[in-house]
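Asker: The task is simple: from the sequences and hints, build the whole structure.
Number of protein chains: 2
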Amino acid sequence: MNLLQVCVQACSLSFVVFIRMHLTYFPGIDLIHHSQADILLEVPAEEAAHLKVLRLKPGDTIRVTDGTGTIGEAEIFNSTGKQYLVRLTNVQQMPPKTYEAHLIVAPTKNIARFEWFIEKATEIGIDSITPVWCEHSERSHLRIDRLQKVAVAAMKQSLKSRLPVINVPVKLDEFLKSSQTPGQHFIAWIDDSVTGHLKEAVAKDTPVSILIGPEGDFSKREVDLAQFNGFQAVSLGKERLRTETAALVACHIVNLIND
Amino acid sequence: MNLLQVCVQACSLSFVVFIRMHLTYFPGIDLIHHSQADILLEVPAEEAAHLKVLRLKPGDTIRVTDGTGTIGEAEIFNSTGKQYLVRLTNVQQMPPKTYEAHLIVAPTKNIARFEWFIEKATEIGIDSITPVWCEHSERSHLRIDRLQKVAVAAMKQSLKSRLPVINVPVKLDEFLKSSQTPGQHFIAWIDDSVTGHLKEAVAKDTPVSILIGPEGDFSKREVDLAQFNGFQAVSLGKERLRTETAALVACHIVNLIND
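For the protein sequence lines, the chains are E and Z, in the order given.
Following my numbering, the numbering of the first sequence begins with 18 at its first residue and continues without gaps.
Following my numbering, the numbering of the second sequence begins with 18 at its first residue and continues without gaps.
Don't take every hint at face value.
As the list makes no split between identical chains, a pair holds if one copy fits it or if it spans any two.
To be verified - BS3-like cross-link-like pairs, simulated, lysine-lysine; straight-line CA separation at most 27 Å:
| id | residue 1 | residue 2 |
| --- | --- | --- |
| 1 | 126 | 69 |
| 2 | 114 | 216 |
| 3 | 255 | 114 |
| 4 | 237 | 216 |
| 5 | 166 | 255 |
Don't read these hints as lab results, they were simulated from the structure.
Answerer: Pasting the structure below:
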């Protein structure tokens, strides 16, 4: 995104605010600790390239996060054009969330559709995603690093302080046998016998895990296994949704209930 | 989509049902009239190509719609491989909808994002879309024929009987001055002063029109003009959403309220 685009996005705000609108991500850095210790921080190379495009210089302020609920500001202390050193000026830990949205989704055959889900769910609000391989899955590999890049870009775009956790893909059977996620557990699949709607089943202020199947849907055996393991069958409405749409709709419902 | 994919999609169903899972679209054809008059119909060329891929032959049954709420079945009467003649066997007019979702959206700079919105909104349920040019729009042209193709593909994929109407793009000011759409009218934009959530404002069984601005959001003048013309300001939640995400989220809320 260039400066003009940033300006258009923020249209009526002052330039100082434009700079703050750009969120710089420091993965794996404890910003609270660095802020308290008043330690100068080097901006990661990828993020430094953005600052260069924005033509930021010493004295300018940027907005920062480490993706774990920490948000703050930093003043550019020194810059060589490639390397930026910043001093954290105002870092806060956001209050813990009262709920969690965990989507367990079979990756789509067309990976762009799964990446789209990651982007949109990050914007709307999602805490963790577990890709699962199912009997009818039409895909068997996944580049988690690529998905993480999509999530980081969406987190920065929507100025969020939390980066969703994207778990390592796992076979659905293994997930069901080993998972001990807290809160409510749902499985959404296409079946006329399922009448209870997710919007009426989700409780406020509660962690929620929702299973979404592949293009060929879950097998009968998988549905039985999920229900045996405490996943309650729910409907997402009367429409026939693609995998990635169903996953996003489910994620949006959890957020709407808690919004 | 090839036969194998169709089979995987429908996994546990019989082959006859597989064929019916493929929806064939007859634009501009009054299927009810043709059904009653027992007139043989020629399948449009683009759709005929799909039937060829599915290797359908005389005697096979397909599912048909004209996109105006009509759904039915047709038996293939004759086929040359390129040309298919069908006889309608069971055509019904779906009951009228009790509500309508009309989204008035500024097309995104990246047209793929707008097309994505059209696809997903069609799946979830939308009745009409009016693209509008705003003061901060970063795009000034639109290929409606391309958007219509996206909507047709999504309608067929999700086995719907209604094709959303995509209106000709219009300047926001002109839309506001000339529009006489019935029901409720909302404008969603990014402003801390807007506190009422769309989910609490939408009435059941009512036509709803919702304005969504471009990447640079509406100008103050546009917001004032919309409010002067009866559009009520609403929030879509506390998250910062992209244009196409905001439009989809608004569309989903209208459907959830009526589901």
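Asker: All hints are to be evaluated individually against the structure, with a verdict given for each.
Answerer: Here's how the hints hold up against the structure:
1. For the identical chains of this complex, residue 126 and residue 69 are inter-copy neighbours only, at 23 Å across copies versus 37 Å inside a copy, given an alpha-carbon limit of 27 Å.
2. Taking the shortest Cα distances, residue 114 and residue 216 sit within 27 Å of each other both inside one copy (20 Å) and across copies (21 Å).
3. Taking CA atoms no more than 27 Å apart as the test, residue 255 paired with residue 114 passes between copies only; the shortest distance there is 13 Å, against 31 Å inside one copy.
4. Taking the shortest alpha-carbon separations for residue 237 and residue 216, only the intra-copy value of 24 Å comes in at or below 27 Å, while the best inter-copy value is 35 Å.
5. Proximity of residue 166 to residue 255 under the C-alpha cut-off of 27 Å is restricted to the inter-copy arrangement: shortest distance 24 Å between copies versus 34 Å within a copy.
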